[in-house]
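Trainee: Using the sequences plus the hints, can you model the full thing?
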Amino acid sequence: MKVSINTAVFLDDLQAEVSQLTCLQRLQRLTASAIDAIEVRGEFFKSETKTTELHKIDQLCQQQNWQFYYSVPEELFQGSTINAQLATYLKMAQVNHIKSLKFSLGDCENISTETLAELQQQLSATSVQVTIENQPNENGTLINMEQRLAWLKAAQSDLGYTFDAGNWCWVDTEPLTAFTKVQSAITVFHLKAIQNKDTVVLTANPANWQKMLAQLQSTIPVFLEYAIPTDQLTEQIDLVNQQLQQRQAAL
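Numbers given in the working numbering equal positions in the sequence shown, counted from 1, plus 44.
Accuracy of the hints is not assured; some may be wrong.
With a straight-line cut-off of 27 Å between C-alpha atoms, the simulated DSS-like cross-links for lysine-lysine are [what the hints assert, rightly or not]: (1) K135 - K90; (2) K46 - K225; (3) K143 - K46; (4) K241 - K197; (5) K46 - K100; (6) K255 - K225; (7) K225 - K241; (8) K255 - K197; (9) K135 - K197; (10) K100 - K255; (11) K143 - K197; (12) K143 - K100; (13) K90 - K143; (14) K100 - K90; (15) K255 - K241; (16) K94 - K143; (17) K135 - K94; (18) K100 - K135.
Derived from the structure by calculation, the hints contain no laboratory data. In this text, all values refer to a predicted model and were calculated from it rather than measured experimentally.
Mentor: Okay, structure coming up:
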């Protein structure tokens, strides 16, 4: 397995309105052979060009043999209902060969058994993976995530779980502590390092991110999801790939 890339690594460019397609084309030139998948972010598409850009990113992914993931900047659970746009997002994913859609968890407090069953019908009818992510707010506290993941497991839901290592820092929880509690539910892993509630680049110095990757199931994709200066991107990719290779060698 190789590392994967969320377009958050290009945050400065995206905030300057450089398209995600342009960023990914640059990634292709930098280090195409060193990654397994890419994940785009819905909030950085322009409505008037989104359809065309997604199609071109789909083509690029097929050319480079990258798996295609999509981060939806919305919550899946919304009080007593499911996000009304889920079916639209699933159709978008199918048209563009997107493997997985990620939503923020949201508020599950008043989701009925019937509503959860209706969600499962939608999930069963598609090959697209849908995951929920721990949020940096009250919905993403460790006790809440443990309860919600247990609830979904008991309901035999096909929802996956994206573990966001950085978001735990905003709910005053050490990521490694959270990892040990929810590890069995993880289907996608978002990797970032946080110091004093600020994102920093990874280093080779012993740290908890290496401990988590060493324990993570080897089939679970690992995405870099933090702003990385262009001149350090290849170095960061290589650093995580080395860790993944060491893990594989130890199996």
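Trainee: Need the status of pair K90, K143: alpha-carbon distance at most 27 Å?
Mentor: With Cα atoms ~22 Å apart, K90 and K143 stay inside 27 Å; holds.
Trainee: Please verify whether K100 and K135 have alpha carbons no more than 27 Å apart.
Mentor: 17 Å, holds
Trainee: Between K143 and K197, does the CA-CA distance stay at or below 27 Å?
Mentor: 22 Å, holds
Trainee: Need the status of pair K100, K255: alpha-carbon distance at most 27 Å?
Mentor: Not OK: K100 and K255 at ~37 Å, beyond 27 Å, violated.
Trainee: Are the Cα positions of K255 and K225 separated by 27 Å at most?
Mentor: Holds - the C-alpha atoms of K225 and K255 are around 14 Å apart, at most 27 Å.
Trainee: For the pair we were handed, K135 and K197, check the Cα-Cα distance against 27 Å.
Mentor: Holds, at roughly 26 Å.
Trainee: Has the given pair, K135 with K90, been kept, meaning a C-alpha gap of at most 27 Å?
Mentor: Answer holds: K135 to K90 is near 19 Å, not above 27 Å.
Trainee: Please work out if K100 and K90 have their alpha carbons no farther apart than 27 Å.
Mentor: 14 Å, holds
Trainee: What's the verdict on K255 and K197, does the C-alpha distance respect the 27 Å limit or exceed it?
Mentor: Holds - the C-alpha atoms of K197 and K255 are around 26 Å apart, at most 27 Å.
Trainee: Would you mind confirming whether the straight-line C-alpha gap from K143 to K100 stays at or under 27 Å?
Mentor: With Cα atoms ~16 Å apart, K143 and K100 stay inside 27 Å; holds.
Trainee: Below or equal to 27 Å on CA atoms is what counts here, so check K46 against K225.
Mentor: 25 Å, holds
Trainee: Below or equal to 27 Å on CA atoms is what counts here, so check K255 against K241.
Mentor: Holds, at about 20 Å.
Against the hints set out earlier in the document, violations occur for numbers 4, 10.
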